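S.K.: Sequence:
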Amino acid sequence: MISLDPQQQTARNWFASLRDRICAEFESIEAEAGSDARFAYTPWDREADGLAVGEGGGGVRGVMTGKVFEKVGVNVSTVGGQFAPDFAASIHGAGEDPSFFATGISLVAHMANPHVPAVHMNTRFLVTTKRWFGGGADLNPPIPYQEDTDAFHARLRAACTPFGPDVYERYAKWAEDYFYIPHRGVHRGVGGIFYDHLECGDDAEFDRNFQLTQAVGEAFLDVFPQIVRRRMTQSFTDADREEQLIWRGRYAEFNLVYDRGTLFGLKTGGNIDAILMSLPPLAKWS
Numbered sequence: 009m010i011s012l013d014p015q016q017q018t019a020r021n022w023f024a025s026l027r028d029r030i031c032a033e034f035e036s037i038e039a040e041a042g043s044d045a046r047f048a049y050t051p052w053d054r055e056a057d058g059l060a061v062g063e064g065g066g067g068v069r070g071v072m073t074g075k076v077f078e079k080v081g082v083n084v085s086t087v088g089g090q091f092a093p094d095f096a097a098s099i100h101g102a103g104e105d106p107s108f109f110a111t112g113i114s115l116v117a118h119m120a121n122p123h124v125p126a127v128h129m130n131t132r133f134l135v136t137t138k139r140w141f142g143g144g145a146d147l148n149p150p151i152p153y154q155e156d157t158d159a160f161h162a163r164l165r166a167a168c169t170p171f172g173p174d175v176y177e178r179y180a181k182w183a184e185d186y187f188y189i190p191h192r193g194v195h196r197g198v199g200g201i202f203y204d205h206l207e208c209g210d211d212a213e214f215d216r217n218f219q220l221t222q223a224v225g226e227a228f229l230d231v232f233p234q235i236v237r238r239r240m241t242q243s244f245t246d247a248d249r250e251e252q253l254i255w256r257g258r259y260a261e262f263n264l265v266y267d268r269g270t271l272f273g274l275k276t277g278g279n280i281d282a283i284l285m286s287l288p289p290l291a292k293w294s
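Residue numbers are given in our numbering: position 44 of the sequence shown equals residue 52, and the series is strictly consecutive.
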């Protein structure tokens with residue numbers, strides 16, 4: 009067990025509630041497709057797993073395999089402790105004091121139909137000697153449709169607009185730069201938004217940046233199910249499936265080589281199955 013201050017508890021509670029609503033919506037989509045698939049939830053605990061004294065917290069891994077969602081994971085976690093010295097130097101505000109707290113939600117969906125885009129969404133609140141929010145969402149279609157790309161970006165733009173006229177453009181560019189596979193020379197998808205280090209030096213900054221993070225989560229919950237329902241009954245060929253499997257290989261390469269969230273989870277003693285739930289159930293290199 010780790011004790012939480014009011015800001016930490018507020019963020020943790022909201023991430024858990026967002027998880028519940030997303031999972032319920034995804035289960036509804038499965039039901040519409042004639043499937044009885046449901047999420048299976050597996051709790052994990054850092055202390056129970058034998059980490060050093062002073063390391064605490066844990067989370068819940070939620071995974072569903074169904075007719076529409078070939079594999080979707082929606083995880084929540086709340087952890088605290090100390091970074092290893094070499095890793096602490098790379099974390100905002102942890103260079104001199106390696107103590108940390110982190111809570112958040114992480115989601116990756118790999119779809120059965122190649123015409124339905126895969127998707128990633130993550131929002132988090134971290135505390136070192138500084139406090140900040142980070143997160144984002146990005147769409148990853150094996151077979152892109154401009155209609156879907158436009159809808160996804162339009163909804164994220166609407167979420168960002170109340171927080172400044174240039175917020176969406178800055179975060180969309182950040183996503184474009186981040187979700188890139190240098191050794192392949194390609195982006196892993198059609199983008200979205202990405203942001204980090206939105207510092208909360210006082211309650212007003214916490215409220216504002218928490219509201220932005222909530223807006224991003226609500227935007228995802230609104231737009232992605234619309235895209236899924238638009239494409240999930242579309243017919244596809246063996247060639248479409250082949251393209252999807254090869255694209256998934258690129259996705260796996262990014263997550264294993266470049267993704268900062270994967271590294272953070274591994275470096276902080278997270279649950280291995282929860283960390284690697286982002287990997288697709290099937291992929292191909294050709």
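Take the hints with a grain of salt, since some may be wrong.
Here are the simulated SDA-like pairs of lysine to any residue, each with C-alpha atoms no more than 25 Å apart in a straight line [to be verified]:
{"#": "1", "residue 1": "K181", "residue 2": "H161"}
{"#": "2", "residue 1": "K75", "residue 2": "K275"}
{"#": "3", "residue 1": "K275", "residue 2": "H123"}
{"#": "4", "residue 1": "K75", "residue 2": "H123"}
{"#": "5", "residue 1": "K75", "residue 2": "L253"}
Simulated restraints, written as ranges between beta carbons of each label pair [claimed, not checked]:
{"#": "6", "residue 1": "L274", "residue 2": "T245", "range": "33 to 39 Å"}
{"#": "7", "residue 1": "P51", "residue 2": "T73", "range": "29 to 35 Å"}
{"#": "8", "residue 1": "A39", "residue 2": "T137", "range": "44 to 50 Å"}
{"#": "9", "residue 1": "Q219", "residue 2": "H191", "range": "50 to 56 Å"}
{"#": "10", "residue 1": "W293", "residue 2": "T50", "range": "28 to 34 Å"}
{"#": "11", "residue 1": "E207", "residue 2": "K275", "range": "18 to 24 Å"}
{"#": "12", "residue 1": "G193", "residue 2": "D215", "range": "39 to 45 Å"}
{"#": "13", "residue 1": "E226", "residue 2": "P190", "range": "46 to 52 Å"}
Worth flagging that the hints you see were computed from the coordinates, not collected in a lab.
In this text, all values refer to a predicted model and were calculated from it rather than measured experimentally.
Backbone N, C-alpha and C fix where the C-beta goes; we use that ideal spot for every residue, glycine too.
S.K.: Hint by hint, say whether it matches the structure.
M.R.: Here is what the structure says about each hint:
no.: 1; hint: K181 to H161; result: holds, 12 Å
no.: 2; hint: K75 to K275; result: violated, 34 Å
no.: 3; hint: K275 to H123; result: violated, 35 Å
no.: 4; hint: K75 to H123; result: holds, 14 Å
no.: 5; hint: K75 to L253; result: holds, 17 Å
no.: 6; hint: L274 to T245: 33 to 39 Å; result: holds, 38 Å
no.: 7; hint: P51 to T73: 29 to 35 Å; result: violated, 19 Å
no.: 8; hint: A39 to T137: 44 to 50 Å; result: holds, 47 Å
no.: 9; hint: Q219 to H191: 50 to 56 Å; result: violated, 38 Å
no.: 10; hint: W293 to T50: 28 to 34 Å; result: holds, 29 Å
no.: 11; hint: E207 to K275: 18 to 24 Å; result: holds, 22 Å
no.: 12; hint: G193 to D215: 39 to 45 Å; result: holds, 41 Å
no.: 13; hint: E226 to P190: 46 to 52 Å; result: violated, 33 Å
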